[in-house]
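*Asks:* Take a look at the letters that make up each chain.
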Amino acid sequence: MSATVKWFWFASPQTFFPLAGTIARWCAIAAALLAAAGLYVGFFVAPTDAQQGEAYRIIFIHVPAAWMSMFLYVVMAFWAAIGLAFNTRLSGMMASGIAPTGALFTFIALWTGALWGRPTWGAYWVWDARLTSELILLFLYLGFMALQAAIDDPRRADRAGALLAIVGAVNVPIIYYSVQWWNTLHQGASVSLTRAPSMASAMLAGMVLMALAFWLYSIAAALARVRCIILERE
Amino acid sequence: MLEASDLDCQRGGRALFRGLSFALRGGELLRVAGENGSGKTSLLKILCGLLAPDQGEVRWRGEPIRRLREDYARNLVYLGHAPAVKDDLTAAENLSIACTLAGIEAPAQSVHEALARYGLAAGQAPVRKLSQGQRRRAALARLLLSQGVPLWLLDEPFAALDASAARLTEELIARHVAGGGAVVYTTHQDANIDVKEPRVVELG
Amino acid sequence: MIAAARCIVVRDLLLALRRRSDVATALLFFVIVASLFPLGVGAEPNLLRAVAPGVIWVAALLSTMLSLGRLFAADHADGTLEQMLLGAAPLGVVVAAKSFAHWLAAGLPLVAIAPVIALQYDLPASLYGVLALSLLLGTPVLSLIGAIGAALTLGLRGGGVLLSLLVLPLYVPVLIIGAGSVDMAAAGLAPAGQLQLLAAMLVVAAAFAPWAIAAALRISTE
Chain Y
1 MSATVKWFWF
11 ASPQTFFPLA
21 GTIARWCAIA
31 AALLAAAGLY
41 VGFFVAPTDA
51 QQGEAYRIIF
61 IHVPAAWMSM
71 FLYVVMAFWA
81 AIGLAFNTRL
91 SGMMASGIAP
101 TGALFTFIAL
111 WTGALWGRPT
121 WGAYWVWDAR
131 LTSELILLFL
141 YLGFMALQAA
151 IDDPRRADRA
161 GALLAIVGAV
171 NVPIIYYSVQ
181 WWNTLHQGAS
191 VSLTRAPSMA
201 SAMLAGMVLM
211 ALAFWLYSIA
221 AALARVRCII
231 LERE
Chain Z
235 MLEASDLDCQ
245 RGGRALFRGL
255 SFALRGGELL
265 RVAGENGSGK
275 TSLLKILCGL
285 LAPDQGEVRW
295 RGEPIRRLRE
305 DYARNLVYLG
315 HAPAVKDDLT
325 AAENLSIACT
335 LAGIEAPAQS
345 VHEALARYGL
355 AAGQAPVRKL
365 SQGQRRRAAL
375 ARLLLSQGVP
385 LWLLDEPFAA
395 LDASAARLTE
405 ELIARHVAGG
415 GAVVYTTHQD
425 ANIDVKEPRV
435 VELG
Chain U
439 MIAAARCIVV
449 RDLLLALRRR
459 SDVATALLFF
469 VIVASLFPLG
479 VGAEPNLLRA
489 VAPGVIWVAA
499 LLSTMLSLGR
509 LFAADHADGT
519 LEQMLLGAAP
529 LGVVVAAKSF
539 AHWLAAGLPL
549 VAIAPVIALQ
559 YDLPASLYGV
569 LALSLLLGTP
579 VLSLIGAIGA
589 ALTLGLRGGG
599 VLLSLLVLPL
609 YVPVLIIGAG
619 SVDMAAAGLA
629 PAGQLQLLAA
639 MLVVAAAFAP
649 WAIAAALRIS
659 TE
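Chains as they are written, first to last, in our numbering: chain Y, 1 to 234; chain Z, 235 to 438; chain U, 439 to 660.
Don't read these hints as lab results, they were simulated from the structure. Hints should not be assumed to be uniformly reliable.
[Claimed, not checked] Within a straight-line C-alpha distance of at most 25 Å, the following computed SDA-like cross-link-like pairs (lysine to any residue) qualify:
1. Z:363 - U:460
2. Z:363 - U:514
3. Z:363 - U:461
4. Z:363 - U:512
5. Z:363 - U:479
6. Z:363 - U:462
7. Z:363 - U:487
8. Z:363 - U:546
9. Z:430 - Z:294
10. Z:363 - U:477
Just chain Y, with the same shape it has in the complex (with noise of 0.2 Å):
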């Protein structure tokens, strides 16, 4: 019981704003460390790859951005539910939040996909499934960005764009499935930028190292805009 009452403290917007602070902080410093020594292990430590050389190393950032991006919308969507059937303010900020990120990650792997495909295959775009579920997952992010900014009352905007993150992530799946499908009937060429080299080990301690490092990049970017929301409103 406690327990519980503990956390329905935390959920009103002015008890979170110093939580958010320190956690925030301390969540940005440990991300950099993380990021720097994700990223020695990918470009110093890792073997280089036997068929793609030295340009595959952009997979340290290509595939943990990618994760992140669909980790985040779950996340998201997770938030604007409890928002939804418990009508606490602070749920719906913390959507809000995580929103920018998650499209910032969404276009990160996207840039990194095309920078990535140049060299190996080619061409900077070569519409492969994970790609483009990665583009649409983009296109889902920036609508519900845009939608937000499109009404001016809070409480319309955080249910509304609530109710759009729920119905997306339930699409994201039958999306993700239609997209492998489409690749399938239409690719003569099996190209596949999803078809990682085969993992060394210190390749995958890279990958997940960065990762960590993106998830708490992310926990720290988005309490700090939560903070600005509700300093905006409250």
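Position chains Z and U against the provided structure of chain Y, taking the given hints into account.
*Replies:* Relative to the frame of chain Y, chains Z and U by itself:
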């Protein structure tokens, strides 16, 4: 029957009213008075369930209306600012659709009679061709078919009405209250509604 | 409940009939968009035959989206939407009826016109059936999903374009499966699997979308 407890309403950053409470029983008439922009329409919408109050709740026969949804809606008639008629349909079509959606039986004969009482010939003209006052009357004709509905929530029912239509509306409201129904209405004008103890809530 | 649903369908169809030009404009848009593609990519018959299913599907999608603005905006403006929110029938039933009426006026005619467009693209006649069936199953899904977007963007500035941004990503699976079914048939493979998938999407959308639309309407009008 209808209880409002501790209602708060904020619109556009301004607090319209705080801690508003009242109870309405069958056979009572409540007038909501106040300046323009004091929240009369918002209060009526909160009482319908169209708007959620920032705080407090509205109860119908003891149950919160948020839980009752359609069961509550079936017990009320709400006539808002807009006449709620489709321009491209005739007055008769509009009225029978309104009644069907509200779950009220309305055979064509009664629809035409109701419109005739309000001085609207059952023509084939779409509402678009009617004047503002005629549109209002077409909307109010619904009251003639809603005698069995306990709660009437009327926002500015006398606006844009001429004397005879206004008198007819006053009679209808008085008769409804005398028959045990409850009516909440807002108005700028002085209304002479023949009721034992009319109550007033002042906003702003 | 049935009476209310029937009343709404009849009402919306009557309104569409009395505003025929709105309905006709959306259909004309479908034809124009489909006619633009050959002007853009050249009239090489093999190319056109290959892109026909995709082009027709995209044009259908865009035309449906264009007509979604009609769904709730007019009722919201003249106050009749409020009355529906206060009606005796559950809001889910009301919006399902409205979406169905919308499909009858905006989606079903597309199914009828599609073979004419297919003629323009010299699509083999054997594929007309699959094309029509895929559109028949897919356009109601487009109406239902689009209605969610229309409800969310009710009364907002930048409405039409914002609606497109919200709804197009959600349309992608229907587009892929719908156009894909015709492509499969064109390649000589059986399209039954894709058509069944479309039917499944329709069932799921018909079951869940009305509640999402009702929730969105409440959010937008509160």
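*Asks:* Would you mind marking each hint as holding or not holding in the structure?
*Replies:* The hints, checked one at a time:
A hinted pair counts as satisfied when its Cα atoms are at most 25 Å apart, and residue 363 of chain Z with residue 460 of chain U qualifies at roughly 20 Å. Distance check on the hinted pair: residue 363 of chain Z and residue 514 of chain U sit about 20 Å apart at the alpha-carbon level, within 25 Å; holds. Note on residue 363 of chain Z and residue 461 of chain U: the hinted pairing holds, with a Cα-Cα distance of about 22 Å set against a maximum of 25 Å. This hinted pair checks out: residue 363 of chain Z and residue 512 of chain U have alpha carbons roughly 18 Å apart, not beyond 25 Å.
Distance hint between residue 363 of chain Z and residue 479 of chain U is unfulfilled; the C-alpha atoms sit about 49 Å from each other, more than 25 Å. Proximity of residue 363 of chain Z to residue 462 of chain U is assessed by CA-CA distance (about 24 Å); at most 25 Å being required, the pair is judged to hold. For the given pair, residue 363 of chain Z sits about 51 Å from residue 487 of chain U by alpha-carbon distance, which is inconsistent with the 25 Å threshold. The hinted pair formed by residue 363 of chain Z and residue 546 of chain U fails the criterion: a straight-line CA distance of about 32 Å is larger than 25 Å.
The suggested pairing of residue 430 of chain Z with residue 294 of chain Z holds, with an alpha-carbon distance near 23 Å, which does not exceed 25 Å. For the given pair, residue 363 of chain Z sits about 45 Å from residue 477 of chain U by alpha-carbon distance, which is inconsistent with the 25 Å threshold.
Comparing the model with each earlier hint shows violations of hints 5, 7, 8, 10; every other hint is respected.
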